[in-house]
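According to UniProt numbering, the stretch in the sequence shown is residues 1 to 925, in order.
These are calculated hints, taken from the structure and not from any lab test.
The beta carbon of each residue, even a glycine, is placed where N, CA and C say it ideally should be.
Accuracy of the hints is not assured; some may be wrong.
Listed next, with one range per pair, are the computed distances between beta-carbon atoms [claimed, not checked]:
| # | residue 1 | residue 2 | range |
| --- | --- | --- | --- |
| 1 | 872 | 755 | 18 to 26 Å |
| 2 | 820 | 551 | 47 to 55 Å |
| 3 | 550 | 772 | 38 to 46 Å |
| 4 | 334 | 400 | 31 to 39 Å |
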Amino acid sequence: MDWTPGGTSSRFRAGGHVGGNASREEDRRPVGKVRFGKSIELEKQKRLTPSQYTYTEDYDSRRSSIERLERQRSHSGSFSTSRTLTSNHRSQGAPSEKLTFSSETESYNVPDNYNAPRDVTPGRPVLKRANTTTATKSKTGSKKWPFGYGWGSGQKDKDRERDRQQALLDPDHESTPPPVYQHTGSADIRSRSSRSRASHTFSDASSERQPPQVSFNPVPGGPRSRSTSMGSSIKYVSPIPPLNRSGTYKSNGTKHSGGSASRGGRPTLYPSESSSTLVGSALERKIRDEDPITERPDTGSRLDALRDHLRQHDIAYYIIPSEDAHGSEYIAPSDKRLEWISGFTGSSSQGVVSLNSAYLITNSNYWIQAPKEVDMNWVVVKAGHGPESQTSSWIEWLVERAQDCKIGIDARLLSYEQATVLNNALKPKNAKLYYPPQNLVDLIWRDKPQRSREPIYVQPKEFAGLGANEKLADLRAWIKSQRPAVPSYSKSPPKPSQQQVATLISNLSSIAWLLNLRGDDIPFNPVFHSYLFVGLNTATLFIDPEKTKGQVETYLQSIGVAIRDYNDLWTFLRRKEWGDGNVIISPQTPYAICLMLTSFRYTVLPSYVEERKAIKNETEIRGLRNAYLRDGAAYVRWLAWLDEKMQQGYEITEYEAAWRLTEYRRKNKHYMGLAYENISATGPNAALPHYTPHKATALIIERDTPYLNDSGGQYRDGTCDTTRTVHFGRPNTEQCEAYTRVLQGHIAIDSAIFPEGTSGAKLDVLARRALWQDGMNYLHGTGHGVGSFLNVHEGPQSFSSDVPLQVGHVLTNEPGFYNEGKWGIRIESALVVRKVHTKGSLNNNETWLGFERLTCVPIQTKMVKEVMLSKEERQWLKDHNRRCLEMLEPLIRHDKRAMKYLRREAERGIGIAGAGPGGLTIDWD
Numbered sequence: 001m002d003w004t005p006g007g008t009s010s011r012f013r014a015g016g017h018v019g020g021n022a023s024r025e026e027d028r029r030p031v032g033k034v035r036f037g038k039s040i041e042l043e044k045q046k047r048l049t050p051s052q053y054t055y056t057e058d059y060d061s062r063r064s065s066i067e068r069l070e071r072q073r074s075h076s077g078s079f080s081t082s083r084t085l086t087s088n089h090r091s092q093g094a095p096s097e098k099l100t101f102s103s104e105t106e107s108y109n110v111p112d113n114y115n116a117p118r119d120v121t122p123g124r125p126v127l128k129r130a131n132t133t134t135a136t137k138s139k140t141g142s143k144k145w146p147f148g149y150g151w152g153s154g155q156k157d158k159d160r161e162r163d164r165q166q167a168l169l170d171p172d173h174e175s176t177p178p179p180v181y182q183h184t185g186s187a188d189i190r191s192r193s194s195r196s197r198a199s200h201t202f203s204d205a206s207s208e209r210q211p212p213q214v215s216f217n218p219v220p221g222g223p224r225s226r227s228t229s230m231g232s233s234i235k236y237v238s239p240i241p242p243l244n245r246s247g248t249y250k251s252n253g254t255k256h257s258g259g260s261a262s263r264g265g266r267p268t269l270y271p272s273e274s275s276s277t278l279v280g281s282a283l284e285r286k287i288r289d290e291d292p293i294t295e296r297p298d299t300g301s302r303l304d305a306l307r308d309h310l311r312q313h314d315i316a317y318y319i320i321p322s323e324d325a326h327g328s329e330y331i332a333p334s335d336k337r338l339e340w341i342s343g344f345t346g347s348s349s350q351g352v353v354s355l356n357s358a359y360l361i362t363n364s365n366y367w368i369q370a371p372k373e374v375d376m377n378w379v380v381v382k383a384g385h386g387p388e389s390q391t392s393s394w395i396e397w398l399v400e401r402a403q404d405c406k407i408g409i410d411a412r413l414l415s416y417e418q419a420t421v422l423n424n425a426l427k428p429k430n431a432k433l434y435y436p437p438q439n440l441v442d443l444i445w446r447d448k449p450q451r452s453r454e455p456i457y458v459q460p461k462e463f464a465g466l467g468a469n470e471k472l473a474d475l476r477a478w479i480k481s482q483r484p485a486v487p488s489y490s491k492s493p494p495k496p497s498q499q500q501v502a503t504l505i506s507n508l509s510s511i512a513w514l515l516n517l518r519g520d521d522i523p524f525n526p527v528f529h530s531y532l533f534v535g536l537n538t539a540t541l542f543i544d545p546e547k548t549k550g551q552v553e554t555y556l557q558s559i560g561v562a563i564r565d566y567n568d569l570w571t572f573l574r575r576k577e578w579g580d581g582n583v584i585i586s587p588q589t590p591y592a593i594c595l596m597l598t599s600f601r602y603t604v605l606p607s608y609v610e611e612r613k614a615i616k617n618e619t620e621i622r623g624l625r626n627a628y629l630r631d632g633a634a635y636v637r638w639l640a641w642l643d644e645k646m647q648q649g650y651e652i653t654e655y656e657a658a659w660r661l662t663e664y665r666r667k668n669k670h671y672m673g674l675a676y677e678n679i680s681a682t683g684p685n686a687a688l689p690h691y692t693p694h695k696a697t698a699l700i701i702e703r704d705t706p707y708l709n710d711s712g713g714q715y716r717d718g719t720c721d722t723t724r725t726v727h728f729g730r731p732n733t734e735q736c737e738a739y740t741r742v743l744q745g746h747i748a749i750d751s752a753i754f755p756e757g758t759s760g761a762k763l764d765v766l767a768r769r770a771l772w773q774d775g776m777n778y779l780h781g782t783g784h785g786v787g788s789f790l791n792v793h794e795g796p797q798s799f800s801s802d803v804p805l806q807v808g809h810v811l812t813n814e815p816g817f818y819n820e821g822k823w824g825i826r827i828e829s830a831l832v833v834r835k836v837h838t839k840g841s842l843n844n845n846e847t848w849l850g851f852e853r854l855t856c857v858p859i860q861t862k863m864v865k866e867v868m869l870s871k872e873e874r875q876w877l878k879d880h881n882r883r884c885l886e887m888l889e890p891l892i893r894h895d896k897r898a899m900k901y902l903r904r905e906a907e908r909g910i911g912i913a914g915a916g917p918g919g920l921t922i923d924w925d
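The whole structure should be built from the sequences, with the hints applied where relevant.
So, in structure tokens, the structure goes:
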């Protein structure tokens, strides 16, 4: 084992059972090597002692020292589904410990912590983790520990260094070994959150108040009938190596920052939370303001392999979109090609790889996140219209660089609309698009996940409002109404080949809505991989037949839909099996389909199914009201729980808060999973619009910055999307003013009344006006459409679109403000467009529209600066919170804590009484 400046190397090797019954040979292995489940190599980034030295210990020559250390660390055990282990090892003044573990398969040693600090008083209460492994720790006896952990670089650090140096010279010298970065439990015991010191439930028999124990599950949410292993393996590789000759960095698992740590004073450590544990190392990073550890793939070797194929095809640039063959924003693991080759986990982005460079072109939602996720092989290009943008779009960026070259792309991942723009722009540059017969990333992706084969299921008419037969009949009537594909100058009657006879649908949510079917192929989105061809008399669904066996197969037959294999689509198109006539496609149809049809056999029109799906019928609207009511009840119960725990001093991570909210939602009627990954963010993470917490990097929720949660559930009767920003401490003036401006924009959209024919884009300024007055803005859209038990992002309506808003359109209203690197604020509610009565409408026949608010979650008034609000805005806020009390009380009456929280939010004043030194004086009640 080697100790070098900046870290200690510890290796965890896969192997057989280790514990109380481990073999003698295994018991002799060097300290820091533990066998369990799977192979994980851990390397701590920095030591507590910032001394610059290199210490190398030869195990073979130091056997006596190692055996002595082994005796010190004799506290080991074997874990089963439920097993109790009691340590008889006692240091002077150390209490006995009782550890209870729960685990299904893993077994490993529990190393005893070396000497603990003297006179450490218990800090804030901590929450019990009960993930795949649960550890409950209790102690009896003295609270005093006769040894130190050595925070900082004081006298204890010098003493430890002196002991280490002495150990080199004197093999019999008794010294405390350097901290070793080791697990104290299974890979899941930390819930992927190494920033909270609440990994064990610490109960003190002599303590006056014992904190309640709260159980946690390892998965904060996921799609129906899908389990996720959240254990993380951390592998150490030296920092970024020099550039090699091919212009590629070998990243190979390089660690990089994922966000700054929570700042604050030195926390009190418990014995189980020394620097030799994941918890302790996370706290060390917190105190030293170090960034958490995350993983990067080896993009260097992957890019080299891809470039070999580029040379074979003589391609200058190869485009790797983040979407799948259906234009989906959210995609299945088997379609995450851009993530696999770059490490970038976001959406709506493109990778462009040349023979010498690799570029990630992404929108403003990921300008901060993308540089943290990709390594030095990739250059992040900011696309959009903000002040920091480098180009307006990836197409513009590519055209500027293309000259006399071939640009490769999988034609299935390029839409007709994009291909048309790109081809026209490349012609003057003497460049052209090239479509390799296979996706080049797929050729080098050896361990690519298999596509889901989960069965699909029927969405009953009681939730859909209309039967599939009715929807198909409506679609066929629309096809017949379209004019033939006859040139405008032609005076001849249309030929049979020019008649519109069918439509081909590739959008997954459109297929699911039209057929009243749902699936589990894409996480958080109840859709399934398929294509649908609808003719005037027939319909064919191209899908994996294994997904339709049983009742679904019978159902499809009853509505006249034939079933063919997913890949048969290309044969069907090539042979033109539908006969004469034109096929209608949407501008978002994959260009590969257009190439198969040829330009004489298709007509491009806006998707009729998309338009009909966006206009919710009364059954769907009623279902959305009910879904948002149940989801709001779960949200309020969770807010009450979180508020109570934070006030009691618990330290809760972003990941744990997200998981707890999912558990409240899981109890709701018709719950099917989450609508998207929970955005649970504190401090600088809240400034990332699409941040998602992970176990290993989640921050402890701060009390001096706002906490933002953007999440929603999927229910059989609706899809929910809600964001609230709350504060658990005393907000400062800057935070209050920003929050108030965001709230004013939110109220302006919610209260808007507009004439029929008004687009969402024309209303967008209402959400930004208050922010603009103070020179603030946000770069993401103000809102998007929402599906009915479908995708959380739905078009064509939005506050960025020129599509006129219609009665039945559902949109989100989510202005925000993001103080980069510090904190972020967003308030989001769902709205449905309804007719409204105005004074002017009594004198004419003009139709006026407004919004009905679906979301039923109170808005915290703590950060609102009342003097900035108008009389109407103050009344709106009070009315909203009182309405939440009236609507939610029947659902949460049994939960006294939630009722107390809800009543407090509904009845107390808006909050700001005046300013004082160091922040604001808040009138909490």
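Taking the hints in turn, this is what the structure says about them:
Checking the proposed 18 to 26 Å range against residue 872 and residue 755 shows it holds: the Cβ atoms sit about 21 Å from each other. Evaluation of the 47 to 55 Å hint for residue 820 and residue 551 yields a pass: the beta carbon distance comes to about 52 Å. With their beta carbons about 57 Å apart, residue 550 and residue 772 fall outside the hinted range of 38 to 46 Å. Residue 334 and residue 400 have their C-beta atoms about 33 Å apart, which keeps the hinted 31 to 39 Å range intact.
In this structure, only the earlier hint numbered 3 is contradicted, and the remaining ones agree with it.
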